[in-house]
Each structure stands twice: as C-alpha cells, then as structure tokens.
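Using the sequences and the hints, build the whole thing.
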Amino acid sequence: MLNSRLRPLGLALAGLALAGTVAGCSNAKESSDGGSSSGDQQFTFWDPYPQFDGSSDWVKLVSSCGKDAGATIKRTGYDTSDLANKALLAGQQGSSPDIIVIDNPVISTLADAGVLTSADELKLDTSAFAENITAAGVVDGKTYGVPIGANTLALYYNADLLKKAGVDPASVTSWETLNVALAKVKAARGKGITFSGIGTEEGSFQFLPWFWGSGADLKDLASADGVSAVNLWADWLKKGYAPNSVINNTQTTAWQEFATGKFGFVENGTWQMGNAAKLGFKYGVISIPGKDGGAAPAPTGGEFVSAPVQKDAGRYATTTKIIDCLTNPGNLLKTDTTLSYIAPIADVQQQQVTQNPKLAPWVKAVGDAKGRTSDNLGTNYPIISEQMWGAFQNAMSGSASAESAMKTAQEAAASKVK
Amino acid sequence: MSISKTADRTSRVATRVSTREERPPRYRRLLGWAYLVPVLVYLIAFYAYPLYRNVELSLRDYTVRSFVSGDARFIGLDNFREVFSSPTFASAIIHTAIFTFVSIAFQYVIGLALAVFYNQNFRLSGTLRALFLVPWLLPLIVSASTWSWLLNSESGVVNAALEAFGLPQINWLTSPTWSLIAVIIANIWIGIPFNLVILHSGLQNIPDELFEASALDGADAWRTFRHVTFPLLKPVSAITLLLGFVYTLKVFDIIWIMTRGGPGASSTTLSTWSYQLGFGSLLPHFGPGAAVGNILIIVALVFGLLYIRYENAQAKR
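Taken in order, these protein sequences are the chains called U and Y. Counting in my numbering, the first sequence runs from 306 upward without gaps. Counting in my numbering, the second sequence runs from 9 upward without gaps.
It is possible that some hints are incorrect.
To be verified - Sample of chain Y residues with no beta-carbon within 10 Å of chain U, all distances over it, derived: (1) 139; (2) 181; (3) 227; (4) 274; (5) 290; (6) 314.
Claimed, not checked - Rough simulated footprint, nothing fancy, chain U against chain Y, three-plus residues with beta-carbon under 8 Å: (7) 141-151; (8) 155-162; (9) 234-240.
In short, the hints are calculated from the structure, not lab data. Think of the CB as a built atom: it goes at the ideal place given N, C-alpha and C, for glycine as much as any other residue.
Structure (structure tokens):
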C-alpha cells in the first residue's frame with residue numbers, strides 16, 4: 306500500500322528533476338577553453354567559406370598555421386550574411402571565437418560593438434598592406450584586423466557579341482561611350498547590360514562604382530552627381546538596355562543571365578573568374594568607366610582577419626602568430642590563389658600576375674578601388690547604404706523620380722547617422 | 009448514563025470520519041502541484057521568458073555595443089514612437105491587412121469548394137485529395153523559389169503564357185503595383201490544402217441523414233449548401249479561419265524570398281519589416297524590430313480574444 310501511494314509521487318519528482326536538468330543544461334555558458342593543460346591549446350576559427358570542407362586547401366592551410374603556432378584549430382564555415390549576427394551574439398555571450406574572418410564592411414560594426422581587439426593590442430604589423438584596402442578596417446585611427454585579400458568589380462564583356470554589333474571594347478571609356486555601345490548591341494538584337502540592383506548590400510556594392518564614378522560622395526546622396534548615377538540605371542531600364550529582372554538580381558543571377566550569351570556586358574567580380582573560363586563564348590574584362598573618362602573607383606570586397614576580444618589575454622600571442630602565418634607575403638600567394646582574391650600586398654600582386662596574366666585588369670581595378678567604410682564612415686556606412694539601395698530601387702521600379710528618391714534617402718540617412 | 013456516553017463516542021467518531029473525507033491528505037495536494045511544475049517550467053521557459061525578452065528588447069535603446077555588453081538604456085516607448093512615425097508603418101499595416109484578408113478569403117472559399125467537391129467520394133477522390141496536399145507539404149523555400157522562377161519578368165512561364173495570348177507582360181516581382189499581388193497568389197496556393205483538409209473532415213461529421221432529408225424536401229445543391237452544409241460547418245470554419253488568420257499574419261518566408269518586401273516598400277508587411285529592421289542590413293536595429301514584432305503579437309492576440317468570445321457565445325446558446 307505504501308508503494309502504490311509513493312510511486313506517482315516518485316514519478317512526478319523524476320519529471321521535475323528532468324525538467325530542471327534540461328533547463329540547467331540549456332543555460333550553462335560555454336566556458337572558454339583558456340587553460341587546458343594538454344599539449345596543444347584549442348583555438349576556434351570562424352570564416353565565411355562554407356563551400357570549403359576539411360579536404361580543401363584553405364582548411365589545410367588554416368590547420369597548418371595553427372600547428373606552427375602550437376594550437377589545434379577548430380574551424381567552422383558560416384554563410385557570410387549570417388556571420389556578422391553570429392559574431393555579435395557570441396560577443397554578447399562571451400563565447401567569441403579566437404580568430405574570425407569576416408567581410409570588410411562589418412569590421413567597423415564589430416569594432417564599434419567592442420567585440421574586436423585592435424592591431425596595436427595584438428602587436429600585429431600592418432604596414433606592408435595596401436592602404437586603400439586596409440582603410441576599410443580603420444575606425445578612429447585604429448586598425449582592427451588585416452585584409453586577407455581583395456576583390457572588386459569590373460565589366461565582363463561578350464567578345465563575340467560585341468564584334469557582331471560592331472563595338473570595340475577599348476572604346477568604352479566613359480558613360481557616353483558605354484551608352485553608345487549598349488545602343489549598338491541592342492540594335493544587333495542583343496541585350497545590353499545586366500547587373501545586380503537588388504535591395505540589399507549586394508545592390509549597393511554594384512551601384513557604388515557608378516555613384517563614385519560620377520564624382521559623388523556617400524556623405525551627400527542627393528547631389529547632382531549622385532542623382533545622375535541613379536538616372537543612368539533608371540534610363541537603362543527605360544531604354545531596354547538592361548532587363549527588368551535587375552531589380553531582383555543577385556550578382557550570381559546576373560552572371561547566369563550573362564552566361565546565356567545574350568548580354569553584351571555584365572558588372573561582376575573577381576570571384577567569377579573560374580566560371581568565366583567555362584563560358585561558351587569569348588570574353589574580356591574592362592574597368593568600369595567613370596562618368597567623364599578614366600576608371601571608376603569600385604568598392605573592395607574581400608574579408609579581413611581579426612581577433613575578437615577574449616577573457617584570457619594570454620591567448621593573443623598565439624592568435625597573432627596564426628594571423629601572421631595566414632597573411633605573411635610567403636603564404637598570402639597560396640591563400641589568395643585558393644580564395645580567388647587579389648593579394649593586399651603589392652609584391653604578392655606582381656607574383657600573382659606573373660603566375661596568371663589574366664589577373665592584370667583585376668590588379669589594376671583593385672588598385673583603383675576604395676573601401677566602403679573608409680573615409681571614417683565606419684558604422685554610418687550601413688545606414689547610408691540602406692537608404693541608397695531604397696532610392697535606386699524606387700527609381701528603377703518607377704515609383705519615384707531619381708531626384709525625389711535620392712532626396713528622401715539623403716534626409717533619412719542624415720537624420721540617422723552619428 | 010451509559011446511553012449518553014455511547015452517543016458522545018459515536019458523534020466523536022462521526023466527526024473524525026467527516027474530517028478525513030473533506031480534506032485530502034497533504035501528500036495528494038503536493039502530488040498535484042508536482043505534476044503541474046514541469047508544465048509550468050516549460051511554459052515559462054519557452055513562452056513567458058521569450059515574450060518578456062522581446063518586450064524588453066523593444067523598450068531599450070540597443071546599439072551593437074549595448075547589445076554585446078548588455079547595458080542598453082531604457083527608453084520607454086521611444087522605439088514604438090519611431091516605428092509609428094516611420095513612413096513604412098502605414099504601408100506595412102495596409103499591406104498586412106490586404107495580404108491577410110485577401111489570402112484567407114480566397115483560401116477559404118477555394119478550400120471549401122474543393123472540400124464539398126471531394127465529399128462526393130468518387131473514384132480516385134482519395135488520390136486527388138492527397139495530391140492537393142502537395143503545396144502544403146513542400147518546404148516553403150522550394151515553393152517560394154519556384155514561384156519566383158515562374159513569375160520572372162523575362163524568362164518566367166507565366167509571362168510566356170501571357171505573351172502567347174497576346175496580353176501585355178507583367179513585371180510580377182519588380183513592379184510596385186504587382187509585387188503584393190504576386191506574393192498573395194503564391195500564399196493562396198500554399199494555404200488551400202490546409203483549409204481543404206480541415207473543412208473536409210468537418211463535412212464528414214455532418215450526418216448523411218440531413219442530406220437525405222434535404223434531398224427529399226426537394227432542395228437543389230446550392231440550397232442544400234446554404235441551409236444545411238454551411239451552417240453546420242460554422243464551428244469548423246471559425247477555427248479554420250482563426251488558425252489561418254494567425255498563420256497568415258506571420259507569413260515571412262514567401263514574401264522575403266520572392267520580393268524581400270518588394271521594390272521600395274510595396275510588399276512589406278509587419279513581419280518582413282520586423283526582420284528587415286533586425287537583420288536586413290549590416291547594422292541591426294533590434295529595438296524597432298522588436299517593437300514591430302510586439303505590434304504583430306498584439307494584433308494576433310486581439311483576434312484570438314475575439315474568437316474566444318465567439319466560442320463562449322456559441323457555448324451559451
């Protein structure tokens with residue numbers, strides 16, 4: 306009789322204990338693995354290259370750099386658009402990775418959040434790196450990381466189609482000559498140009514060469530130059546030089562449109578070089594023209610290697626060694642060839658061109674390029690960028706004129722920037 | 009004397025017996041509480057705490073720095089004021105209302121029509137009904153990507169069909185006028201199976217005698233539907249509409265994948281706006297994003313309470 310009374314009570318208490326354990330386990334914070342007594346310390350490494358698995362050259366390089374510094378690296382690849390949020394959450398929970406490779410415009414956001422250590426604290430030497438590329442990671446005069454490589458935008462052209470239309474690619478040196486070329490391609494039953502004008506950072510990235518090429522500055526979106534850049538895109542849609550799908554295109558879908566062979570030009574980047582070799586027609590690369598001639602400054606893509614703040618400052622010495630290993634001129638050639646980037650150091654760039662002459666126009670483009678968060682725009686850049694993409698989306702879809710769209714964007718941006 | 013003593017003893021015994029029956033022993037009460045505790049822990053951990061955190065997120069000024077260090081300033085209703093005064097607010101509310109009501113109206117009507125059709129139980133009706141479930145079973149990203157592909161301005165099948173009939177091409181996903189309509193169409197397609205399944209099972213519960221009676225009375229199909237089927241389906245319809253409403257209010261994946269809130273803000277709803285504020289740009293605005301999320305919760309709550317009032321009114325009748 307005693308048993309039958311106590312059994313339900315026992316079950317209930319067991320259920321209580323289980324719930325308590327589950328709640329307790331989910332709340333337990335991961336303790337940082339600072340002082341493990343076994344030979345090699347474990348260092349966490351996050352990068353935005355989920356396409357590379359354990360057998361890839363990149364991961365092998367990372368592991369060997371870790372071993373040389375006396376650490377075993379635990380590496381995880383995340384989707385690049387996710388990584389910024391994951392880094393912020395990790396910072397909040399105190400479980401940041403030891404090393405993070407992250408897209409360059411996010412560096413200033415993370416630095417502003419207090420999540421990253423500066424190069425001075427790490428005793429990292431950044432003098433060898435090209436200044437225009439490193440500038441993206443400079444906030445208030447302090448550098449928060451080193452570039453691992455850069456890529457940028459240029460115009461790929463369909464050589465066969467241009468020949469058929471009677472266009473000489475070398476003649477495309479300004480907006481006017483580009484429009485003339487597009488008209489000729491359209492007359493020859495081809496489609497002019499495609500690009501990505503989507504309402505995300507990718508669209509802003511593609512818009513910036515035209516914006517900067519008109520002479521405009523991100524601090525004043527509504528200037529006449531800025532409006533002329535938006536009008537350039539909106540007119541292309543009106544005249545039929547660019548397809549309507551650019552409003553939703555990502556850079557990948559724009560490339561797929563170009564690969565059909567029907568387009569004369571596509572605005573795309575270094576990372577497509579591998580795919581370009583597989584095109585079914587002859588292609589070439591030219592710099593994006595500025596409004597009145599010359600090459601337009603294109604924005605730099607590419608990641609920075611940075612070290613998030615750790616509770617145990619003793620780990621920084623090993624972290625610095627690993628970062629040095631990944632980015633010293635000796636290893637940089639291998640890293641950037643694996644990632645299809647242009648090296649951020651002038652000597653290594655020359656080595657790359659010697660190895661692969663097709664890289665020459667890209668090295669030139671990277672030399673003309675500019676960081677999006679440079680000019681100390683830092684965390685103001687995302688605010689301005691968001692308004693800018695809203696403006697050209699509205700202008701291209703016809704819901705506002707270029708002037709009013711940019712004016713609204715500038716007012717909104719000015720009210721929100723610090 | 010001995011009689012009164014016996015009487016006293018009896019009354020004392022009686023008192024003790026009645027006490028034992030009125031108050032359950034302590035361990036039984038504790039047992040009751042012990043069974044409740046796991047459920048309470050679950051509700052608090054997975055419902056109350058996230059809700060509390062969300063409300064707190066909307067009442068504080070979260071910059072990236074304060075998000076990481078956890079010491080965000082309390083700013084009261086400033087985030088809500090920012091949301092209400094934003095130019096996107098009016099569009100978001102109107103689009104959410106249009107999206108929800110139009111989707112549910114079409115989903116319900118088409119689902120009901122199909123349920124009545126399948127109620128006839130002809131040969132192959134089971135197989136066909138199972139096939140109709142496919143839109144609901146597909147992962148949303150597959151459905152949304154397929155619809156994006158179908159509705160592409162240049163290379164989509166829909167525009168090719170329109171061209172074949174001599175109609176003008178429509179920029180489904182890139183025009184401010186058509187983007188909301190495009191996502192509504194995709195959402196209706198996805199929501200029909202849910203209505204079909206629930207309304208069909210509701211129809212099964214209507215006794216056959218009623219249909220026989222109405223046939224004997226000489227009512228045709230439409231009058232039978234109006235006066236027999238539809239009134240008896242009211243409770244099932246009410247729950248279908250409520251569930252559909254609360255679900256459609258939160259729809260995010262379809263809109264985000266197809267148009268990301270549309271060129272400009274032409275297909276932005278409260279849920280896509282909340283995501284856009286929080287995660288749509290390089291610089292997250294968690295406070296306003298949480299504020300929009302809370303507004304969504306309040307709207308859903310109001311309709312939930314209306315439904316409960318309707319249920320109580322039904323029960324009283």
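Worksheet entry | Non-conforming hints, listed in increasing numerical order | The structure conflicts with hints 2, 4, 5, 7, 9, although it agrees with all the remaining ones.
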